[in-house]
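A.B. asks: Residues per chain, in single letters:
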Amino acid sequence: MSELASLSISNLTVKFGGLVALDDVFLKVAPNTIVGLIGPNGAGKTTIFNSISGLVTPASGEISIHGKKMKWPASHQLAEFGISRTLQGVGLFSGLSVLENVMMGADITSGTNFFKDLFGASGKAESKLRRRALDALAWAGALDMAEKMPGDLTYPQTKRVSVARALVSQPKILLLDEPAAGLGQDDIDKFAALLKQLKQRCAIIIVEHHVDFIGSISDQVYVLNFGKVISSGTFDHVKRDPAVLAAYLGTSTQTGSEKLGGDHA
Amino acid sequence: MDTFLSAIFSGTSRGAIFALVALGLVLVWRGAGIVNFAQMGQAMFTTYIASTLIANGNSYWIGFVVALVSGAALGSILDVLVMRPLSNKKKTELLSSDSMRAAIPVIASLGILGVLQALAGIIWAAEERGFPAPAKQEGFTVAGNVMPFTAFDVFVITCVAITLILTSLFFKRTGMGLAMRATALNQEVAKLSGIRTNRTRTLSWAISGAASSLAGLLLTPSSNLSPNTLDLALFIGFTAAVVGGLDSPVGAVLGGFILGMVISFVTFYDTPEDVFLAILAVLLLSLIIRPHGILGSKDVRRV
Chain A
1 MSELASLSIS NLTVKFGGLV ALDDVFLKVA PNTIVGLIGP NGAGKTTIFN
51 SISGLVTPAS GEISIHGKKM KWPASHQLAE FGISRTLQGV GLFSGLSVLE
101 NVMMGADITS GTNFFKDLFG ASGKAESKLR RRALDALAWA GALDMAEKMP
151 GDLTYPQTKR VSVARALVSQ PKILLLDEPA AGLGQDDIDK FAALLKQLKQ
201 RCAIIIVEHH VDFIGSISDQ VYVLNFGKVI SSGTFDHVKR DPAVLAAYLG
251 TSTQTGSEKL GGDHA
Chain B
1 MDTFLSAIFS GTSRGAIFAL VALGLVLVWR GAGIVNFAQM GQAMFTTYIA
51 STLIANGNSY WIGFVVALVS GAALGSILDV LVMRPLSNKK KTELLSSDSM
101 RAAIPVIASL GILGVLQALA GIIWAAEERG FPAPAKQEGF TVAGNVMPFT
151 AFDVFVITCV AITLILTSLF FKRTGMGLAM RATALNQEVA KLSGIRTNRT
201 RTLSWAISGA ASSLAGLLLT PSSNLSPNTL DLALFIGFTA AVVGGLDSPV
251 GAVLGGFILG MVISFVTFYD TPEDVFLAIL AVLLLSLIIR PHGILGSKDV
301 RRV
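Top to bottom, those sequences are chains A and B.
Residue 142 in this note's numbering sits at position 142 of the first sequence; the count goes up by one each step and never skips.
Residue 227 in this note's numbering sits at position 227 of the second sequence; the count goes up by one each step and never skips.
One chain only, chain B, in its complex shape:
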């Protein structure tokens, strides 16, 4: 029973972070039609920025806020400097097929990942370093028993809950959010309706960048920080997004929690070594049983 509770708690906390990673991927997919493989490289980079600030005597919260803001900034910069020119129809018209054209930004995102990891290695050296948590990582004690739930878990879940509520309010309750949903549905008609789709695209990258930066800040206290730390998180987040439906933000969150539980139960009841295998199995099963994901729409696979 204790193991079961531990698995549930750990799965919820981990799942919340993967939900964030998956949400970041879904936002860029919907907003720009790109699977952004650089996403957790961006998060790694901004976590390093926070780490440096904190190591130089600033408070955790300064590092926290700067990481989120620079996450949004880095996302926007990548879109404007790299993705926008690459998506320019005139410049890529020599490449005859549409599928080739759709693949270019995705390959570019892999390139960006490589550049960010190399840069981080050059600037901060490639050895692992710790990253602080703003709350205790020991379990609460109730009636003398140590519970499998920590203050940091509460912090993680609170952060993710706030992010999800804010994002959903933004999309449901603001004009800009409506414009972004419309652009995701049909870019051509959105353009004809006077939406500046370049701006909504960049905004997708910014929100996704900030969300993934938050995921980086929440993941690294329990692992360590190195240029490659967050690679696995991208893989898990991607699987979560596919399971939930690549074009559905709610699906992404659902997928995140499913993956969190799967990983947690495999870790507690089997062995952590099998986690990777379990994720692959989930990805494969999901693609066989429900290729468009739990909440995704059927005609989404373009790439």
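Here chain A stands alone, though its shape is the one from the complex:
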């Protein structure tokens, strides 16, 4: 890969007290690709996201964003670096309208100058933000929900809204935390189509339990177990990897491969 990676992580180690949550993890995401992270519960998938988005401080490790080596970002710096994430379980504000929720994705208070944020937060800036939020909603196919409250939406609709919220800052790297969880097959198919379109605009990293879904959309798949990357490559490659079969099933039989390729939600 001579191409400059959107995001590249190496030697990432995270400890929670005595527990090693991530051990020497690496990850490379090329622009306009979808990278899937799979692995059993507690394998450390979400911890990778938390490290990238400043919620967890790594014990060691390097991160490069758009080919530039840098410090691990703090939460409020993500928009600046072109990173956006959705939250497990959606995380919409119940007391704000859908449109306002999406506007919140734009990192309104990220400016380095607080007073500029405060007084630059004029009606003009706000209406510009409103338009951007409407664009993002239209893009995620959720424009007609703009004035509704999150409580009035169906679960698949809230997923679309949370993607719109992640898109409003026009990220170059999008982190999706279990976007397919709780969706029916029909909605998963629609969502996969949406993501394939989305990858023309940014690189996408997805943490997901739904192996079929990951297999159908990912260009690269990383398999984690007990905080380590045990396999990486195309989905066809990793699903035949004996280490992966062992991790998922405790054995490395051929039937295991079929099982992994099958419904494994």
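Simulated from the structure, these hints should not be mistaken for lab results.
Virtual Cβ for every residue (Gly too), placed ideally from N, Cα, C.
Watch out, some of these pointers could steer you wrong.
[Claimed, not checked] So, partial list: chain A residues that the calculated Cβ filter (under 7 Å) puts toward chain B:
#, residue
1, 79
2, 93
3, 95
4, 129
Following the hints, put chain B in place on chain A, whose structure we already have.
C.D. replies: Frame of chain A; chain B shown alone:
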């Protein structure tokens, strides 16, 4: 009929000020999760600053503006120097229960009230002094009759109306206002959305400080200024906030006007001595009938 009109007018003007006090309390409650008992101590302090400026020959308006600005500054300083360290989870983790942790800042606010009152006593002496009104406090005369409505009442209502409109525009129509509403709803998710919640907290304290300073400036011309003058206003404002719903700014304003009317009608039809009792009755009734307040959300009581 005259008594009735007088009660209505006086209730509106007083109610407007209590609405401001209640709004100040609600802003800090929503923004920082703290009932700020020091609020009217802050207002008392900034009113003293205005009083000193005016006594030294400056115009009323200089005192007015300085009081509002120093109200915002004092609020911010208290948050950064006292409340922020006290809310630091790491520093308070020895205290096991969450409810204890939530109580610490509230108790600290009582401490701040004591310090501010003592300081005011030391700096300005504890005796009462008058505080000027920028407009006449005698009723308008219409066709030879003195009406129960004064130019100062007009000034009070105008000031409060402007404050309410500006605050509501700020929360509804600016990105920072949206960020503050989001933080009030869910601090964790707000943080994950990249909101610097420390800043929005401090901003809540600043806006609340300025609003209460305005309330102090509007209340003291009709009483007098002393370190304890505004204690009753805090009690009334707190009751107003509870009646309206502690987490609802609109409810706070509504509660303020309700309290204004109750106090005014008790004063005019009964006796001013019963005012305190009436407020207590309203507080008690409100807590029994509608504990989350008229417009408050049901799951608000944390402390």
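A.B. asks: Hint by hint, say whether it matches the structure.
C.D. replies: Hints, verified against the model:
no.: 1; hint: 79; in the structure: 6 Å, holds
no.: 2; hint: 93; in the structure: 5 Å, holds
no.: 3; hint: 95; in the structure: 5 Å, holds
no.: 4; hint: 129; in the structure: 6 Å, holds
The structure fails none of the hints (numbered hints given earlier).
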